[in-house]
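Build out the structure end to end from the sequences listed, making use of the hints.
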Amino acid sequence: MIIEGRVWKLGDNVDTDQLVPGRYLTLTDSQELASHCLEDTVPRFREEVRPGDILVGGKNFGCGSSREHAPAALKALGISCLLASSFARIFFRNCINLGLPVLIAPEAISDIQDSDRIRVNVETGEIENVSRSFRCSVPPLAPFLLGIIDAGGLTAYARNQLHAQAPETERGVSP
Amino acid sequence: MGMTMTEKILAQAADQAEVRPGEIVEVPADLVFGQDTTMPLAVIAFRQMGAEYPFDPEKVAIVCDHFVPNATVQAAERTRSLREFAREHGVANYFEAGRGENFGVEHALLPEEGLIRPGMVIVGADSHTTSYGALGAFASGFGSTDVAAAMALGRVWLRVPETMRFVYTGELNPWVSAKDLILYTIGKIGVAGALYRAMELIGPVIESLSVDQRLTMCNMGVEAGAKNAIIPVDRETEDYLESVGVEGGFAAISDSDCQYYSVTGIDVSEVEPQVACPPSPDNVKDLSEVLGVTLDAVFIGSCTNGRIDDLRRAARVLEGKRVSSDLRLIVIPATQEVYAQALHEGILQVFVEAGAAVSTPTCGPCFGGHMGLLAPGERVIATTNRNFRGRMGHPASEVYLSSPVVAAASAVMGRIAHPEEVTR
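Sequences listed follow chains A and B, in order.
Per my numbering, the very first residue in the first sequence carries number 1; after that it's consecutive.
Per my numbering, the very first residue in the second sequence carries number 1; after that it's consecutive.
Derived by calculation from the structure, the hints in this document are not laboratory data.
Ideal placement from N, C-alpha and C gives every residue a C-beta, glycine not left out.
Some hints here could point you the wrong way.
Said to hold, decoys possible - A few chain A residues that face chain B, going by a derived Cβ cut-off under 7 Å, partial list only:
1) Asp17
2) Thr26
3) Ser65
4) Ser66
5) Glu68
6) Arg89
7) Ile90
8) Asn94
9) Asn97
10) Gly147
11) Asp150
12) Leu154
13) Ala158
14) Arg159
Next up, the structure:
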C-alpha cells in the first residue's frame with residue numbers, strides 16, 4: 001500500500017479534545033464530526049484539507065480522551081495516512097481499527113514540513129519526501145495490524161471472525 | 001526470571017505460563033463497558049459486525065454519565081438508544097441518572113457496584129479506565145470499535161506492556177493527598193512519560209492510602225500515557241471489596257526477580273500541594289508558585305476526585321466559610337451513593353451553606369459538555385484530570401488542576417490559595 005499526498009504538519013501532544021471538542025460528542029455521523037475537526041485550534045484545517053492529505057504530528061499524537069470521534073473525523077475528511085514521532089496508544093489503535101494507516105516515524109518528522117508532498121509505503125515503512133528528496137525507513141506495522149487495515153478496519157475484521165466461528169457456537173451472529 | 005503483577009494477570013488471562021513485554025496476547029475480557037459518548041459508536045460498530053448478542057451480557061456495562069441528566073435533545077436520543085440496546089440485549093448493568101438505583105460517573109460507580117475484582121482484564125471505552133488498577137485489576141482504555149469487538153467476541157488483543165515501578169516513601173505533608181502525588185509524578189515524567197507502559201504504584205505511602213485515594217492515582221495514569229496503572233491488593237483493598245460484596249479474584253504480586261523498565265523512588269516528604277497549570281497535565285508547579293492566581297470558577301468532582309473521601313476533605317476546608325463572590329463553586333458528587341453518604345454526614349449542608357452549587361452526579365463540566373462551562377478568558381481550578389486548551393469551555397479559557405482541599409480553599413479566597421490560609 002503506497003500512499004502519496006500533501007502534508008498537514010501539527011506539533012507535539014495534539015490531544016483528541018482539539019481534534020473533536022467534548023461539546024460535539026453526542027454526534028455519531030462522521031461527516032458532522034469532520035465539520036468540527038480542530039475548529040478551536042487550527043480552524044482553517046477543516047476548510048482547506050483535501051482528500052488524500054497526510055497528517056504529520058510530533059510526539060504523543062492523539063493523547064487524552066479515548067474518543068474515536070477524533071480519528072473518525074480525520075478519516076471522513078479524507079486523511080489518507082498519519083505519521084508521528086509517537087502516538088498515544090488508544091488513538092493509535094483507533095486509527096487501525098478504522099482502517100486508517102498510521103506509522104510511528106520519529107526519524108522522518110523533522111525532515112517533513114507543512115505542504116510537502118510525501119510518499120509512504122505502509123507495508124515496508126519507507127517514507128520519501130518528494131518535495132525535499134529525503135528518504136528514510138521506519139519499522140512497518142506488525143502484519144496482523146496490516147491485516148486489520150487491509151480488511152478495512154476492525155469492524156470488517158471482527159465480522160469475518162464472527163462468521164468463521166458461527167457454525168460452532170451458533171450465537172452472536174446474524175445470518 | 002519473574003514477572004510483574006501486570007504480566008502475571010495477562011499471562012493468567014492468556015492461559016500461558018508466562019508473558020514478556022512486547023509480546024502480543026489475545027485475552028478474554030472480564031468486563032467490557034462504555035459510556036454515553038463512546039457507546040453509541042460501539043453499538044453502531046457492533047451491529048455492522050453482524051453481531052446480535054454480546055458474548056456475555058453479565059460482563060457488559062453501560063454507564064450514561066457524560067451528558068446526563070440529558071443536557072440536549074440529541075443527548076436524550078443517545079441515552080434512549082443505549083437504554084433500548086441494554087434492554088434488548090439483556091445488559092442488566094445499565095446505569096442512568098434517576099432510575100431508582102445507584103448511578104453516576106463510571107469510574108466511581110463500577111467499583112461501588114461490585115463489578116471490579118482483582119486480576120480482571122477490563123476493557124473500557126473511556127481513557128480513565130486505568131482507575132481500576134487501584135483494586136489490582138488490569139484495566140485499560142480503548143476506542144469504541146475495540147469495545148464493540150470485545151463485546152461481540154469476548155476477547156481483546158494486547159501488547160504486554162513494560163512496567164515502570166514508582167515507590168512512594170516518606171511522610172505525607174499536611175494537605176497533601178493522592179492527587180498531589182500523581183500530579184507530582186506526571187510532572188516528573190511528562191504526558192508521554194509512561195506511553196504504552198504499565199505504571200506500578202507501590203510503597204508504604206500507597207499502603208497508607210484509602211481505596212478512594214488509590215483510584216485517584218490510577219485514574220490519572222493515562223495522563224502520563226500509561227496503558228494501565230496498578231496497585232497491589234492489600235488489607236485495605238480486601239476491606240473495600242468486602243464492603244461492596246466482591247469475593248475472590250486474583251491478587252497478583254510482582255516477583256522479586258521481575259524486570260522493570262524503570263524504578264523511581266519518590267520521597268513524598270518533599271512534595272507540597274501541586275497544581276497543574278494550563279494547558280497540560282504535566283505543567284505541574286508547587287502550589288506556592290501559583291498562589292494568588294485569580295479565578296472565575298472552582299469545580300470539585302469528577303472520576304478523579306468526586307468520591308466521599310474527596311468531599312470530606314473539601315468540606316473540612318469549607319466548613320463555616322463562604323464561597324467568594326468573585327467566583328462560582330460547583331460541587332458534583334461522583335455517584336448517587338457518594339451523594340447520599342455526603343448528605344448523611346452533613347457534608348452537602350456544608351457546601352450548600354457555603355454558597356456552592358451542588359449538582360446530581362455527572363461528568364458534565366470536566367470534559368466541557370455541560371453544567372458550568374467557561375467563557376473566553378475565564379479561569380477555573382478543578383479537581384479533574386485534564387487541562388487541555390478549551391477542555392472545560394471556550395478555547396480561550398484556562399484550567400488549573402488541583403486536589404479537593406486546594407480547590408476548596410481557592411473557592412473561599414477567590415484566587416488560588418493554600419488550605420492553611422482558610423483554616424488557620
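Query raised in the report: Holds or violated: is the Cβ of glutamate 68 of chain A closer than 7 Å to a Cβ in chain B?
Result: holds, 4 Å
Would the stated hint for arginine 89 of chain A survive a check requiring a Cβ distance to chain B of less than 7 Å? Interface hint status for arginine 89 of chain A: holds (5 Å vs cutoff 7 Å).
Status of the hint placing threonine 26 of chain A at chain B (closest C-beta pair under 7 Å):
holds, 4 Å
Per-residue hint verdict: asparagine 97 of chain A, partner chain B, C-beta under 7 Å: This hint holds: asparagine 97 of chain A lies near chain B, its Cβ roughly 4 Å from the closest one there, short of 7 Å.
When the nearest CB of chain B is found for aspartate 17 of chain A, is that gap smaller than 7 Å? This hint holds: aspartate 17 of chain A lies near chain B, its Cβ roughly 5 Å from the closest one there, short of 7 Å.
Hint check, arginine 159 of chain A versus chain B [nearest Cβ-Cβ separation less than 7 Å]
holds, 5 Å
The hint names alanine 158 of chain A as touching chain B; please verify it with the least Cβ-Cβ distance against 7 Å.
At about 4 Å, which falls below the 7 Å cut-off, the nearest Cβ of chain B leaves the hint on alanine 158 of chain A intact, so it holds.
Q) Does serine 66 of chain A meet its interface restraint, that is, does its C-beta lie within less than 7 Å of any C-beta in chain B? A) Cβ of serine 66 of chain A sits 4 Å from chain B, so the hint holds.
Q.
Just to be careful: measuring from the Cβ of asparagine 94 of chain A to every Cβ in chain B, is the smallest value less than 7 Å?
A. Check passed: Cβ of asparagine 94 of chain A comes within 4 Å of chain B, closer than 7 Å.
Practice item. So, serine 65 of chain A near chain B? Judge it on the closest CB pair being under 7 Å. Key: Holds. Min distance 5 Å.
**OP:** Answer holds if the nearest beta-carbon of chain B is closer than 7 Å to that of leucine 154 of chain A; otherwise answer violated.
**Re:** holds, 5 Å
*asked:* Tell me if the interface restraint on glycine 147 of chain A is satisfied: Cβ within less than 7 Å of some Cβ in chain B.
replied: violated, 11 Å
Of the hints listed earlier, those the structure fails to meet are numbers 10, 11, in rising order.
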